[in-house]
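*Asks:* Protein chains in written order, with numbering that gives the first Met the number 0: chain D, 0 to 223; chain B, 0 to 226; chain H, 0 to 231; chain W, 0 to 37.
What you were told as hints is all true, and nothing was included just to trick you.
No more than 30 Å apart at the CA atoms, straight line, and that leaves these computed lysine-lysine pairs for DSBU-like:
#	chain 1	residue 1	chain 2	residue 2
1	H	K161	H	K130
2	W	K37	B	K70
3	W	K37	W	K27
4	H	K161	H	K225
5	B	K70	B	K1
6	B	K70	W	K27
7	H	K161	H	K218
8	W	K24	B	K1
9	W	K24	W	K37
10	B	K1	W	K27
11	B	K1	W	K37
12	H	K218	W	K37
13	W	K24	B	K70
14	H	K218	B	K70
With beta-carbon atoms standing in for the labels, derived distance ranges:
#	chain 1	residue 1	chain 2	residue 2	range
15	B	V58	D	I52	39 to 49 Å
16	W	V12	B	R2	25 to 35 Å
17	D	G55	H	D46	52 to 62 Å
18	D	L127	B	R66	49 to 59 Å
19	D	E221	B	T31	54 to 64 Å
20	D	T218	H	R66	14 to 24 Å
21	D	S193	B	I9	56 to 66 Å
Hints were generated in silico from the structure; no laboratory data involved. In this text, a Cβ means the ideal position worked out from N, Cα and C, and glycines have one as well.
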Amino acid sequence: MSFFGITRATLAKDVRLEWRSKDAINAMLFFSLLVVVIFSFSFDPTAEESRRIAGGLVWVAFLFAAIVALNQTWARELRNQVLDAYRVSPAPANALFLAKALGNFIFVTVLEALMTPLFIVFYKLRALGPTWELLPIAALGTWALVVNGTFFAAISLRTRSREIMLPLLLFPISIPALLGMVNATTAILTGEGSARFWIALLVAYDVVFTSACLLLFETVLEAE
Amino acid sequence: MKRGFSILAIVTALLLSFALYEALIAAPTERTMGDVQRIFYYHVPSAWTAFLLFLINFVASVVFLIRRDTKADILALVTAEVGVVFCTVVLVTGPIWARPVWGIWWTWDLRLTLTLVLWLIYVSYLVLRRFSTSSQTPVLASVLAIFGALDVPLVYFSIWFFRTQHPSPVIGGGGSLDPRMAHVLLINWAAFLCLAWLVCWTRFRLEVLEREVEEAQALESLLEGSR
Amino acid sequence: MAEAQSNPDALPAVVADGVVKQFGRLAALRGVSAQFAAGRLYVILGDNGAGKTTLLRTLAGLAQPTRGTISILGTTSVRSVCTQIGYMAHPSLLYDEMSGMENLRYFAGLYGIEDDRTANDRCREVIASVKLDPELERPVGQYSQGMRQRMSLARALLNDPKLLLLDEPFSNVDSRSAQEMAVLLAQMRDRGKTLFVVTHQPGLLEDVADEFVRMDAGKIVNRNAKLRVASQ
Amino acid sequence: MNYLYAAYVATWVIHGTYLAILVRKYSKIRREIESLRK
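Next comes chain D alone, as it looks inside the complex (with noise of 0.2 Å):
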């Protein structure tokens, strides 16, 4: 099959499987729901001052919600070493990581759009600069954790403490797509600076990290 039916035939499969366990995707819808009511009540602030400082709550809280989705990308296909029959069959194994980085980018998009009108509510959230350049700052960054998480997750599946791992090799690496995403947001939210900036910043992430992934995935994927 092309390159892009397996990814589809995967991606299918993934969310078919998440779809019928609905198990896993309730915990992390919980789980984030605990995360905004828990900064909520640390910080409580007047509606002046949550303006500059939601933008660095929320990307926080969505990067614990990110983490703990990223760390089940490979669950499933590590209990009965499923990636063995990947490996053997012809299929490539850029279309793997690429359905399971998609996989996981629809999942926390899921859970960012939960938290996000709990932040508005407990935060008293109004934009003044133009807020429709959220949407592809949020895209934008998601995506930026997403699909280092999807390969760190690969990376860290060969290591001793797993859970740990992720993102003892995520953050770090995060650190300037983080600063874009919270710059961005903070300076939609009290309408001061504009976002350009932080969005080219988060484009070339984007771009730079998404090619390095699929250009070094076969060799950590081979790497067993």
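Got chain D sorted already, so can you dock chains B, H and W onto it with the hints?
*Replies:* For chains B, H and W alone, kept in the frame of chain D given last:
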């Protein structure tokens, strides 16, 4: 080989002490900050040396991925480890300098923040090497090293723009430098480069020995097994 | 002993030349050099740690030799012939949450069997060949161990491979279905496939196998057509 | 003034600690080589 090592050791010792003398005594005292500015002669060359070591690590990782040559892998490990040591020096001397001059321990100064991020990246690189249970740890490590290196320009630009929005004091003043100061700076850098070379050489030999012993023990346990 | 139909001048299925595989301290394979003709059923014997599974994984292209070369179906780049290789391992290599049919339909996609009807027919045919019911809706996770082994074998047969690599296909499978499986393997060998079976129960294949290969401490120590001689 | 010396001393403490670790590893390897030789 042995002779080369001891020559380098002597040269390094001489250079370091001469550089120390230059930095503390011979160099002119800076008008505004006074003598505390002399931390500059240790802080900046350490950062440059660390960045150079990480560059070598990147090149060695790429060479390893292409040729799977263990020497390149050992060089990558060694330069990462020694690079982290020099980064630690920068991260310690930076705040010590910022405290008396601006009254704050930490400032999001471009060089300091870049060093901090690099420190985090290469410590996670060393943690991966220690935690990996795969027989192909070098492959995983070199992939991570390449990711780390790709990250550096992005880190640089994000901090640079971040600083224009949150101006903060610059450590070591970007402005023009008194030529004599620049001279002392270069001497210190040369001294640190020799020191880095010496330490890398030692660590390299140590790693080669460790791997040989490991292999010998593996063979021995096998022979006992089948005897 | 069934006379193998493979003509002698046919290209050897597998040629191993000084294959060494090292996992850090442990050398799983320490110099395997051998030629295996096509169209034969080889049984690989040896106690645990002798390197049987590692050899099988190297044949499947899942493990690259640290030293030495191995050529599969005439080429050293296993990747180019992976459409002709079937691999079955201890773990089931199937998704527990999906039914047998769904699993095989997904893997059929990976092997390029694109349009629905042919994929369905192929999966149904392969599942029937291992004596399982294609319409069984139950997820594989709730199969008995024997059924799971047979569905895993079905997955390995999906792309009608020339080279079939089976790691412990009979482990905790009831003797009657083990006999059936042995007959199935013999039929496939008769159809010209090359099979490598790693097992602790060589007796099951005693009268169908062409050769018994004994391994010890990472080396092939004995190759013989008769089981009794090989198992000294 | 003592900030200046603090920075210089800190630098050499860091390098010194790392070199000490290397020396300790070296002697451990030396001992293992001896035991292997026997």
